[in-house]
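Colleague: Residues per chain are reported as follows:
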Amino acid sequence: MSCCAPSAELALDLTSTTSVLPSSQEIRLASRSLGDNLWQTDLSVPTVHCAACIQAIETALGRLDRVEGARVNLSTKRVAIRWRGDSVPPFVAALGRLGFQAHLFEADADKKDKTLAELIRAVAVAGFAAGNIMLLSVSVWSGAEGATRDLFHWVSALIAIPALAFAGGIFFRSAWNALRHGRMNMDVPIAVGVSLAYAMSLYETINHGDHAYFDASVSLLFFLLIGRTLDHVMRERARTAVKGLSRLAARGAMVLRGDGARDYLPVGEIEPGMHLLVVAGERIPVDGRIIRGASDLDRSLVSGESTPKTVASGEQVQAGTLNLTGPLTIEATAAAKDSFLAEMVRLMEAAEGGRAHYRRIADRVSALYAPVVHLTAFVTFLGWMAATGDWHRAVTIAIAVLIITCPCALGLAVPIVQVVAARRLFEAGVMVKDGSAIERLAAIDIAVFDKTGTLTLGQPRLVNASSIDPAMLAIAADIAAHSRHPFSKAIAQFAGFAGQPKLDDVSEHPGLGIEATAAGNIWRLGRRGWAGWKARTGGEGRYGGFGGTVLSKNGRIVASFTFEDATRSDARAAVGQLKDAGVSVEMLSGDIASACGVVARTLDIEKFVPALLPSGKVERIEALARAGHKVLMVGDGLNDTPALGAAHISIAPATAADIGRNAADFVFLRESLSAVPLALDVSRKAGRLIRQNIAIAIIYNAVAVPIAIFGNVTPLIAAVAMSASSLLVIGNGLRLQGFRLAELTRASSATHSGIHPPARSS
Amino acid sequence: MTILVYLMPVALFLGALGLTGFLWALKSGQYEDLDGAAERILRDDKPER
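Going down the list, the protein sequences come from chains A and B. So the first sequence is residues 1 to 762, counted in full-length UniProt numbering. So the second sequence is residues 1 to 49, counted in full-length UniProt numbering.
To be clear, the hints were calculated from the coordinates, so they are not data collected in a lab. Treat the hints loosely; a few may be bogus.
If you anchor each label on the Cβ, the simulated ranges turn out as follows [to be verified]: (1) A:Pro266 <-> B:Trp24: 35 to 43 Å; (2) A:Asp36 <-> B:Ile3: 57 to 65 Å; (3) A:Tyr358 <-> B:Trp24: 39 to 47 Å; (4) A:Asn207 <-> B:Arg40: 56 to 64 Å; (5) A:Arg601 <-> B:Leu42: 46 to 54 Å; (6) B:Leu42 <-> A:Gly260: 49 to 57 Å.
Pairs of lysine to aspartate or glutamate residues, derived as DMTMM-like cross-links and limited to a Cα-Cα distance of at most 20 Å, are as follows [as the list claims (entries may be wrong)]: (7) A:Lys337 <-> A:Glu269; (8) A:Lys630 <-> A:Glu586; (9) B:Lys27 <-> A:Glu236; (10) A:Lys337 <-> A:Glu349; (11) A:Lys243 <-> A:Asp42; (12) A:Lys114 <-> B:Asp33; (13) A:Lys243 <-> B:Asp33; (14) A:Lys630 <-> A:Asp580; (15) A:Lys553 <-> A:Asp504; (16) A:Lys243 <-> B:Asp35; (17) A:Lys309 <-> A:Glu564; (18) A:Lys630 <-> A:Asp434; (19) A:Lys685 <-> A:Asp580; (20) A:Lys337 <-> A:Glu271; (21) B:Lys27 <-> A:Glu118; (22) A:Lys243 <-> B:Glu32; (23) A:Lys114 <-> A:Asp231; (24) A:Lys114 <-> B:Glu32.
We treat Cβ as the ideally placed atom computed from N, Cα and C, and that holds for glycine.
Turn these sequences into a full structure, and let the hints steer you where they fit.
Modeller: In structure tokens, the structure reads:
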């Protein structure tokens, strides 16, 4: 793989305009102490992708004062920095100078992935044992006899003990857990089969018998562990990628004490009544009331409204909204645990239901399979007892039945397909957080979309650029570059030189606009009433409507700007593809009806419900679920989170609120909405392959079981049959990779266009 | 037959050596950043170290 692997391109799409660089206080809170005044900070740097990046970052950070060392992890796209002292060295700024955007992520760096380490160790031990026992078994099959055979059996028995204890422990614990709760899972027949095979083989060895199944029991564990480890690695990779996304919620806030002191406190320690300072570019940490200042708030992530709201002192603000233009002093009215965010979490927990009752295909199959297999073995035992009256023979044959039916292929049938499917989606920038998600997505018949931030980008786009005088547009873009208001950002994209004078003295007036002086003239970009303070005469832009954003020169309006919320790239195509796949599409939004109507018409969505509260979205989804539909929810806002939890399956974009990203089963990292039909398509194909694989496993049993029942199974036959069926199932699962070529060529043009900013023409 | 008495312990010992080596590598963190290791090999050594 070259330096420009898909992951590099995938990271490019992540540069979200709403993300805010972490302040040094925030970094301080997220750092952990290594003792002796030494601290470690882990930052996520999504754009790091090659040897040169590693070198640049490590050298630049190493040169900073008080930094002991920095190490980049390219697999997880993180950098760990060790530093000394009381104040945080300016490493975010240093990374910024190199062109890398760094941010903090969910702090759980302390606990390493224990499960993965255990699984890999188990695979290694089982692999070692399986290899050695298989060699000894081959010697037995090729004619070792008498004392030699006994010796080989004894050695095999010894090697198998640590393998069973260590590698088998994973299955024994899981099986015991299931049985204790009165459930059945795939691990029950595995545990029973493996331990009985070992016990019988040991008995045979002691009595100088000629059939021992040590190889079967250990290689069975080996195969199953490989499937399980791959499954875990895939999910962990997706989770790590999602965790590496920047946090959108505030980690702490600047508290103003009565005596004028300022403290930076974690969100959890903020109490009602405290006065907080929220500067432009920060998110409001808790619900509160403004006591000083005026600003514009971006509420798109909280309520789904696409237009920023102007606020002044005395007004209530909700946790999670982004302060855009001016500093605010707010009085907290609720602690974090009673804030809007916490309320959404409670609503989500209350709504959780659809997926809690979902039972995975593998579990459903094994609930039928295990009793049948165990019954067959028991009946075989009774039959041979009745026919021959020979204890030893009846038990041997019954156990042979158990070994041959031990669900090696069945245990691999589901995970192997899901691993391949998850890998394919990973390459396309779609993270799958749970294996059962792929099964659930395949079953949906209704897709429900949120509007702001999901179908649209949640960022306005200038639509009348072509009708504005280029010189005026250029000066407007220069002025707009000084503000983080979404309208300003949209205008700033049209920056270019058209003979405009240089700006001196730019100031932002929260809630109103930006004022600048250039060559003796006063320019204002902002609200019509504020910018055009003189009577509107001539020189007015051709779109001379009322309200809206205008540019004025010495009080006379010279241009006016019209905005609309830009739809995500490929949104229309994605909706069309979903409809072709037999899924009906609905839009649920917290925004006003007219804004929803425009988007619905552009994207060809017939059904939409505007102005919904978070609980309204949940009710709608629950109503659909009661009518027997399987609902897919795609949403990004805090207000969508309960609905994400209520739906049968949920997808969130990378720009979603933190809890939404954590609640969703899939997270797509690229801008293009075609991720949704792609995920559906892959899931349905995976579903088909899983059913085929289960069919293959059952056909294999139908052939092998009669042979076992009639007592014709030798260890050689068991080994060959089990390996062959496993390979068949794995090969069938890998076919999912084969579907890829055609789709990649079809989809690549679409995904690449997603990187560019909204179209400048039109 | 007697040759087996030597050969089998030798075979098992060598196998166990490989297994221990793998477990050691795993424990010492050599599998933490596979992509990074692949890129770092291309990079020149720093003069100061």
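Colleague: None of the hints should be skipped; say for each whether it holds.
Modeller: Evaluated hints:
Taking 35 to 43 Å as the suggested C-beta distance range, the pair Pro266 of chain A and Trp24 of chain B conforms, at roughly 40 Å. Between Asp36 of chain A and Ile3 of chain B the beta carbons are some 58 Å apart, a value that agrees with the proposed interval 57 to 65 Å. For Tyr358 of chain A and Trp24 of chain B, the Cβ-Cβ distance of about 41 Å falls inside the hinted range of 39 to 47 Å, so the restraint holds. Judged by the Cβ atoms, the range 56 to 64 Å given for Asn207 of chain A and Arg40 of chain B holds: they are separated by roughly 57 Å.
Checked against the hint of 46 to 54 Å, the pair Arg601 of chain A and Leu42 of chain B passes, with Cβ atoms roughly 53 Å apart. Checked against the hint of 49 to 57 Å, the C-beta distance between Leu42 of chain B and Gly260 of chain A comes to roughly 55 Å, which is consistent with it. The suggested pairing of Lys337 of chain A with Glu269 of chain A holds, with an alpha-carbon distance near 10 Å, which does not exceed 20 Å. Between Lys630 of chain A and Glu586 of chain A the alpha-carbon distance is near 13 Å, which keeps this suggested pair within the 20 Å criterion.
Straight-line distance between C-alpha atoms of Lys27 of chain B and Glu236 of chain A comes to about 19 Å, which keeps the hinted pair within the 20 Å bound. This hinted pair checks out: Lys337 of chain A and Glu349 of chain A have alpha carbons roughly 15 Å apart, not beyond 20 Å. With a C-alpha separation of about 12 Å, the suggested pairing of Lys243 of chain A with Asp42 of chain A holds against the 20 Å cut-off. Taking the CA atoms of Lys114 of chain A and Asp33 of chain B, the gap is about 16 Å. The hint holds against a cut of 20 Å.
Taken as a hint, the Lys243 of chain A and Asp33 of chain B pair is honoured in the structure, with Cα atoms around 17 Å apart against an allowance of 20 Å. Only pairs whose Cα atoms come within 20 Å are accepted, and Lys630 of chain A paired with Asp580 of chain A is accepted, the gap being roughly 17 Å. For the proposed pair Lys553 of chain A and Asp504 of chain A, the alpha carbon gap of about 14 Å is at most 20 Å, so the pair holds. For the hint pairing Lys243 of chain A with Asp35 of chain B, the CA-to-CA distance comes to about 19 Å; that is within 20 Å, so the pair holds.
For the hint pairing Lys309 of chain A with Glu564 of chain A, the CA-to-CA distance comes to about 16 Å; that is within 20 Å, so the pair holds. Our distance criterion of 20 Å between C-alpha atoms is met by Lys630 of chain A and Asp434 of chain A, whose separation comes to about 18 Å. This hinted pair checks out: Lys685 of chain A and Asp580 of chain A have alpha carbons roughly 15 Å apart, not beyond 20 Å. Restraint check for Lys337 of chain A and Glu271 of chain A: satisfied, since their Cα atoms lie roughly 10 Å apart, inside the 20 Å limit.
At roughly 11 Å between alpha-carbon atoms, Lys27 of chain B and Glu118 of chain A fall within 20 Å of each other, so this suggested pair holds. Taken as a hint, the Lys243 of chain A and Glu32 of chain B pair is honoured in the structure, with Cα atoms around 17 Å apart against an allowance of 20 Å. Annotation: proposed proximity of Lys114 of chain A to Asp231 of chain A holds, straight-line Cα distance about 15 Å (limit 20 Å). Proximity of Lys114 of chain A to Glu32 of chain B is assessed by CA-CA distance (about 13 Å); at most 20 Å being required, the pair is judged to hold.
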